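Asks: As a plain string of letters, each chain reads:
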Amino acid sequence: MSDKMHLKLTVNGEAHETLAEPRELLIHVLREQLGITGPHIGCETSHCGACTVDMGGKSVKACTVFAAQAQGAEITTVEGLGAPDGLHVLQEMFREHHGLQCGFCTPGMITRAWRLLQDNPSPTEEEVRFGMSGNLCRCTGYQNIVKAILAAADQMNAMKEAAE
Amino acid sequence: MIPSTFEYHRPDDLAAVIALLQEHGDEARVVAGGHSLIPMMKLRMADPAHLIDLQGLSDLKGIEIGDVIRIGAMTTQAEIIDHDGLAEAAPIMAEAARQIADPQVRNLGTVGGNIANGDPGNDMPGLMQCLDARFTLVGPDGTREVAARDFYEAAYVTTREEEEVLTAVSFDRPRGGYAYEKQKRKIGDYATAAAAVQIVAEGGRVSAASVAMTNLSDVPVFSAAAGAALEGTACGEEAVQAAVAAMLGDIDPMEDNRGPVEFKKHVAGVILARAIVRAWSRA
Ligand SMILES: Cc1cc2nc3c(=O)[nH]c(=O)nc-3n(C[C@H](O)[C@H](O)[C@H](O)COP(=O)(O)OP(=O)(O)OC[C@H]3O[C@@H](n4cnc5c(N)ncnc54)[C@H](O)[C@@H]3O)c2cc1C
Ligand code: FES
Ligand code: FES
Chain B
1 MSDKMHLKLT
11 VNGEAHETLA
21 EPRELLIHVL
31 REQLGITGPH
41 IGCETSHCGA
51 CTVDMGGKSV
61 KACTVFAAQA
71 QGAEITTVEG
81 LGAPDGLHVL
91 QEMFREHHGL
101 QCGFCTPGMI
111 TRAWRLLQDN
121 PSPTEEEVRF
131 GMSGNLCRCT
141 GYQNIVKAIL
151 AAADQMNAMK
161 EAAE
Chain Y
1 MIPSTFEYHR
11 PDDLAAVIAL
21 LQEHGDEARV
31 VAGGHSLIPM
41 MKLRMADPAH
51 LIDLQGLSDL
61 KGIEIGDVIR
71 IGAMTTQAEI
81 IDHDGLAEAA
91 PIMAEAARQI
101 ADPQVRNLGT
111 VGGNIANGDP
121 GNDMPGLMQC
131 LDARFTLVGP
141 DGTREVAARD
151 FYEAAYVTTR
161 EEEEVLTAVS
171 FDRPRGGYAY
181 EKQKRKIGDY
191 ATAAAAVQIV
201 AEGGRVSAAS
211 VAMTNLSDVP
221 VFSAAAGAAL
231 EGTACGEEAV
241 QAAVAAMLGD
251 IDPMEDNRGP
261 VEFKKHVAGV
271 ILARAIVRAW
281 SRA
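Those protein sequences? They're chains B and Y, same order as listed.
Once you know that position 116 of the first sequence is 116 in UniProt numbering, the rest is easy, because the numbers rise by one and skip nothing.
Once you know that position 108 of the second sequence is 108 in UniProt numbering, the rest is easy, because the numbers rise by one and skip nothing.
So that you can see chain B by itself, here it is in the shape it has in the complex (with noise of 0.2 Å):
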């Protein structure tokens, strides 16, 4: 056994230390050890985009991402998004729009679907399939978590306007 790191992570604004080993994965870390279970672990194999962060500004995927990396990173989920009872306008769109069935891509989607629009806040159809290329999802074929992001930009941007 390799000693245990002394880890430091902010996760949505709030500071964390833990004990891990280096080879821990940070999807690990921050489900069994901090209990931030909102990320999923779909494949663990890269592909499927459910264990979806933000780390310093960027979807990545949690999966393959040591504990040791993100030593010291700002980490974002689900959880930092909304709450049950403030639900982010990505969520509510996703809830209208049928943006889900069982829902277990879902936090990665909309976690993903989030940092696509801080990048690019009116999206076009295809730059939305493209921007959430890295997430899959076994149950809905797609179409409606397209329909609930575009519904989503749309509002944000009006949010914004309403209150220039």
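Simulated from the structure, these hints should not be mistaken for laboratory data.
Please read these numbers as outputs of a predicted model, since none were measured by experiment.
Note that the Cβ used here is the ideal one computed from N, Cα and C, for glycine as well.
Be careful, since some hints might not be right.
[Unchecked claim] Partial selection, computed: residues in chain Y whose CB lies under 10 Å from chain B:
#, residue
1, I2
2, G33
3, G34
4, H35
5, M41
6, L51
7, Q55
8, Q104
Since the structure of chain B is already known, use the hints to place chain Y with the ligands on it.
Replies: Frame of chain B; chain Y with the ligands shown alone:
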């Protein structure tokens, strides 16, 4: 999917990286984006006792545009796609990078890791053949440059010494039309076949052409013969087919889960023909 244990290092300069590589020899591996290495470590096909993270070396990041284009090894594939200067100076880079993996993978996966890895499925090595790039390697004995076309020896075997770090790739600003064309089973997949093509037109004829292929041999394939078949022609159907025939003589695909040899040769021909037509239309 738990890799074997390792000791983790995050040095902040190149000298420290090289010192660690010297100290630990073949027990040590550098990690860049980790998106080839971590999957291999999960499968225990790689089990370095020392993992040396390059993320602290900010000098290895960045893109310089001049007559020569220089890209730091730690530049991510996403940064290649987003760089306006590079899009103008060498648009084939972004066209290829957009066809590598998916957004999350490209956010961490680096140009240097893609090139140093030595997996025949990686797309950057073939592209580097087409562009006649040079790789800068720094080791205990100093700095040397290796031509991309001399770098790959076999699958996962390159001329990089164990104690050397790839710090940058550079190539002359490409001229003429370009295309990176890739056939894959699904988005995010490695190539069944891919082609990188640059063509220079003068007076309606091809004055220079460079052709390279990906995942059709245990190393990336630069096909000088395919380029030569195009030169001097008006790049019509006959010339395209001559280039395809020449390329087929240079590749050596193996049967695997992407299909039997005959299928791969067929796909390689279709992909190269498309790439030539697109590059010519932009020349
Ligand atoms: C789902 C998925 C799909 C993918 N699809 C594609 C694809 O279609 N096309 C494609 O080309 N790639 C694909 N990849 C691989 C991806 O592009 C990797 O990021 C890339 O191959 C390696 O870059 P890295 O920075 O992640 O390197 P790492 O994984 O960190 O390193 C790879 C190897 O190179 C060595 N290395 C890294 N940097 C250096 C350096 N500077 N000097 C010396 N040695 C170094 C490491 O020691 C290691 O042996 C895919 C990966 C995944 C997970
Ligand atoms: S669990 Fe990470 S990509 Fe599937
Ligand atoms: S809703 Fe079931 S996997 Fe996407």
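Asks: Are the hints correct? Go through all of them and say.
Replies: Now for the hints, and whether the structure bears them out:
| no. | hint | in the structure |
| --- | --- | --- |
| 1 | I2 | 7 Å, holds |
| 2 | G33 | 9 Å, holds |
| 3 | G34 | 6 Å, holds |
| 4 | H35 | 6 Å, holds |
| 5 | M41 | 8 Å, holds |
| 6 | L51 | 7 Å, holds |
| 7 | Q55 | 7 Å, holds |
| 8 | Q104 | 4 Å, holds |
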